[in-house]
Structures are given as C-alpha cells and as structure tokens.
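In order, the protein sequence lines correspond to chains A and B.
Start counting the first sequence at 1; every next residue gets the next number (this note's numbering).
Start counting the second sequence at 126; every next residue gets the next number (this note's numbering).
Don't read these hints as lab results, they were simulated from the structure.
All residues carry an ideal CB built from backbone N, CA and C; glycine is no exception.
Check each hint, because a few of them may be wrong.
Beta-carbon label-pair distances, calculated as ranges [said to hold, decoys possible]:
1. A/PHE51 - B/LYS238: 40 to 48 Å
2. B/GLY252 - A/VAL35: 20 to 28 Å
3. B/PHE400 - A/GLU21: 18 to 26 Å
4. B/GLN382 - A/ARG27: 16 to 24 Å
5. B/SER364 - A/THR58: 34 to 42 Å
6. B/GLY320 - A/MET123: 20 to 28 Å
7. B/ALA184 - A/SER19: 54 to 62 Å
8. A/MET47 - B/PHE400: 24 to 32 Å
9. A/PHE57 - B/PHE400: 40 to 48 Å
10. A/PHE51 - B/LEU307: 33 to 41 Å
List time: in silico EDC-like cross-link candidates among lysine to aspartate or glutamate, alpha-carbon distance up to 16 Å [to be verified]:
11. A/LYS52 - B/GLU346
12. A/LYS29 - A/ASP121
13. B/LYS422 - B/ASP232
14. A/LYS52 - B/GLU199
Coverage of chain B stretches by chain A, computed from C-beta distances (three or more under 8 Å per stretch; other residues unrestricted) [claimed, not checked]:
15. 216-222
16. 275-288
17. 364-373
18. 380-390
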Amino acid sequence: MERDDLIVNDSYALNAHHSEEEGVAIRKKIYMVTVILSVITAIEVGMGVMFKRSETFTWTAIKWTFIILTLFKAGYIVMTFMHLGDERKNLRNVVIIPYFVFIAYLIFIALTEGAAHFGLDLMFH
Amino acid sequence: MSGEASKAISKEVLWGGGRSPFSVSYGKMMMWYFLVSDALTFSGLLVAYGFSRASATDAWPIGEQVFRALPGLEGQYPLIYVALMTFILIVSSVTMVLAVEAGHRNDRSAVLKWMGLTIIGGFFFLGSQAWEWSHFIHGSGGSFLLAEDVTVTGPEGETFELTAGDAVYMDHHFGHLMEMHLAGNTAVTLSEDGGHVVLTELGDHPHEAHLHGLTLNKYVEGETVIEGGAMMDLWNARSADFAFGANLHDSEYAYQQSYSNFFFFITGFHGFHVFSGVIINIVVFLMVLNRVMERRKHYEMVEKVGLYWHFVDLVWVFVFTFFYLI
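My request is simple: use the sequences and hints to build the entire structure.
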C-alpha cells in the first residue's frame with residue numbers, strides 16, 4: 001500500500017492548511033487555553049498546599065474537585081492541543097469511547113478488589 | 126484547525142475504499158491508535174497504584190510532605206517543584222501546538238522556532254525530573270525503626286505511644302552523616318549533650334554536627350518534631366534498621382515498598398516517554414531544517430509528533446493529580 005502520509009499530494013494533510021487570518025484566530029485560542037491550563041494547575045497546587053488529607057467530607061470533596069479539574073485539563077489538551085475536537089466525529093468516537101469503556105471497568109474492578117483486599121489484610125494481620 | 130475533517134463527505138465514498146472514512150491520513154490515524162493503547166498502559170499503571178493504595182493497611186505517604194524541597198534552598202515548599210515541572214511541560218506543549226499551527230501555514234521558520242523551543246522545554250523537564258529522582262533516592266535525612274516501645278511527650282504536651290518497629294525520622298544534615306557512619310567507612314564519634322546527639326569527629330578530622338530533633342509521622346498525618354530529652358529517649362530506643370531515601374529494597378517514605386516502586390515506575394516510564402519524545406522532536410526538527418516538509422508541501426509530520434508530545438503532557442496531568450495531589 002502506498003503510504004498516503006508521505007506522498008506529495010496528500011489531500012488530507014493539504015486540507016489541514018489554513019490562511020494567515022485563520023492562523024491569528026487559532027493562535028488566540030491556543031493562548032486562551034494556555035491561560036486556562038495554567039490557572040487550573042495553580043488552583044490545584046494551592047488547594048493541595050492548603051488542605052491536609054483527612055477522613056472528613058471536606059477532603060472527599062477536595063479529592064473530587066482535583067479529579068474534575070484534571071478531567072477539564074485533559075479535555076482542553078485533547079480537544080484543542082491535539083485538535084481531536086476538529087476531527088470527524090467517527091474518529092473522535094473510536095478514540096474516546098473504547099478508552100472510557102475499558103478504563104471505567106478497570107477502575108471499578110481495581111478499587112473494589114483493593115478495598116476487599118484491605119478487609120482481608122485487616123482480618124488476617 | 127479547519128480542514129477536510131470539518132467538511133461533509135458523501136456517503137458513497139466513505140467505505141468504498143480509496144479514502145479514509147475518518148478523513149485523516151493513515152499515519153495520523155495510526156498515531157491516534159498508538160496513543161489510545163499507550164493511554165491504556167498508563168491508566169493500568171495508575172489504577173495499579175490505586176489498587177495498592179486502597180489495599181494498604183499502613184498509612185500512605187502524603188504528596189505535599191514527601192515532595193516539598195527546592196534545589197539549593199532550605200525550608201519547605203510543598204508541591205512547588207512539581208508544579209514547576211507541570212508548568213514547564215504545559216508550556217512546551219503550547220510551543221508544540223504553535224509549531225503545528227505554523228506548519229499549517231507553511232511557515233518554515235516559525236515551525237523551526239517553535240519546535241526548537243519545544244525541544245528546550247523537553248530538556249528542562251528531563252533535567253527537573255533527574256533532580257527530583259536524585260532527591261527522592263537520597264531522601265531527606267533518613268529514618269530508623271524503634272527496637273522497643275517508647276512513650277514520649279510532644280511539644281504541646283501530647284503523649285505519643287510508639288511501639289517497636291515504628292519509624293522515626295532524622296533531620297537532613299545529621300541523617301546523611303549517619304549514613305556514612307552506618308556504611309562503616311568512617312570513624313564517627315557520637316555523644317550526648319544537653320538533649321542533643323552531638324557528632325564530634327568524622328574520619329580523621331573534627332566535625333561538629335547536632336541532631337536537634339527527631340520527627341514522628343514525617344510523611345503521613347500528624348507530623349510532629351520531638352526535641353530535648355524526649356528525643357534522646359527515641360534515639361536510645363533505636364534499632365539497627367535504618368533507611369536513607371529510597372531504592373528498590375528500602376524506603377524511608379513508607380512501610381510499603383510499593384510507594385517508592387510506583388514512584389520509580391510511573392514517573393520513570395513517563396520520563397522515558399518524554400525522552401523519546403524529545404528525540405523524535407529533534408529528528409523532525411532536522412527534517413524541517415533539511416526542507417523535507419517543503420518538498421512534501423505539508424507539515425503533517427510535525428502534527429503527528431505533536432500528537433505524541435501533547436499525549437506526554439496529558440499523561441503528566443494525570444500523574445500529577447493521582448500521585449502528587451491526592
């Protein structure tokens with residue numbers, strides 16, 4: 001098979017070209033996402049320094065805040081920096097859906113088993 | 126980025142062969158598939174870390190108490206160094222996406238400029254990680270385990286009932302002198318003076334160092350510094366079981382060796398990705414320099430290596446949250 005990414009007249013790659021004016025708008029978006037990512041990181045670090053780990057509800061809420069902020073960051077990186085958001089919907093789906101199906105299962109099973117293992121350890125310690 | 130991706134393609138040609146149903150080149154699609162599989166690998170590692178942590182019966186170290194040093198500075202700066210590393214990686218991701226954008230405008234000199242900066246950012250990150258590993262391996266003072274049960278009073282009059290096998294932490298300066306002492310290479314004279322352990326001789330020459338305090342629960346909840354006579358009680362109850370920093374057998378940070386092992390494996394595997402990303406970036410930089418992309422009339426290779434580089438940043442975002450923050 002001919003390697004379509006190496007041939008000169010690669011329609012897919014050539015179609016990704018944009019004009020100087022479009023470039024200005026795209027760069028503006030890139031800088032905006034940079035600011036968002038930096039601010040989220042700063043908030044995370046600030047929260048990490050301020051709040052100590054404990055067995056309270058506050059800490060549980062903070063933990064979930066960390067996870068949600070991280071998912072926001074990940075979304076910006078994947079959708080804007082890797083411009084998956086600009087790809088066709090079917091490519092977006094074959095990348096994201098299988099990943100989430102596997103990982104949701106893996107997280108569920110590992111945490112359930114981990115907690116059960118913890119119980120066994122306590123029992124036979 | 127606008128491209129064919131945003132255009133409608135008639136249904137007849139989608140699966141009829143001859144063109145990609147995803148409107149991307151073969152190389153770019155395969156890069157995405159590779160990234161999905163690599164993302165599964167990293168997720169597996171982080172989930173394994175979560176499993177170990179959820180099943181651990183002993184206290185798990187707190188990130189902001191383990192990672193709170195800055196190169197060349199005394200004092201405590203929780204998470205600042207890791208935040209700096211995160212920021213370096215985010216910035217190098219931004220310069221990469223700017224290189225991709227310049228490529229879409231066929232602006233060769235801008236591609237070179239932004240890729241060059243990305244490579245420099247990558248080296249900065251690798252250097253930071255080298256320092257962090259070195260600091261983690263050397264540790265901050267070391268710990269010893271108690272040989273017998275001790276009850277000591279804390280600075281605010283609270284009582285700590287410690288049992289044999291509990292860990293007690295030394296300060297940085299003294300701990301590293303003890304490390305030499307225990308290695309058996311150096312003659313070290315230790316004495317007791319007004320509630321301090323004093324070291325007066327190191328090797329052939331006099332060397333004065335005081336152990337001012339010992340820390341309890343250094344890397345977990347309830348960190349307390351014990352000084353004076355109570356400190357001497359702890360010191361006198363020490364066993365021969367010392368740990369300095371971390372390696373694959375021993376760790377001052379946690380009873381569970383798995384904590385250090387996961388640190389080495391997860392950040393090491395990520396660092397290896399950064400390293401290979403820098404190498405691939407250099408290769409593509411040289412291709413741009415040799416005008417290969419001009420002959421092809423497009424800079425898609427920059428976009429593909431960019432995907433890999435952003436992925437490395439993406440992984441670090443998760444490592445940062447799950448290893449350092451939570």
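*Those earlier numbered hints the structure runs against, lowest number first*: 3, 4, 6, 12, 14, 16, 17 and 18
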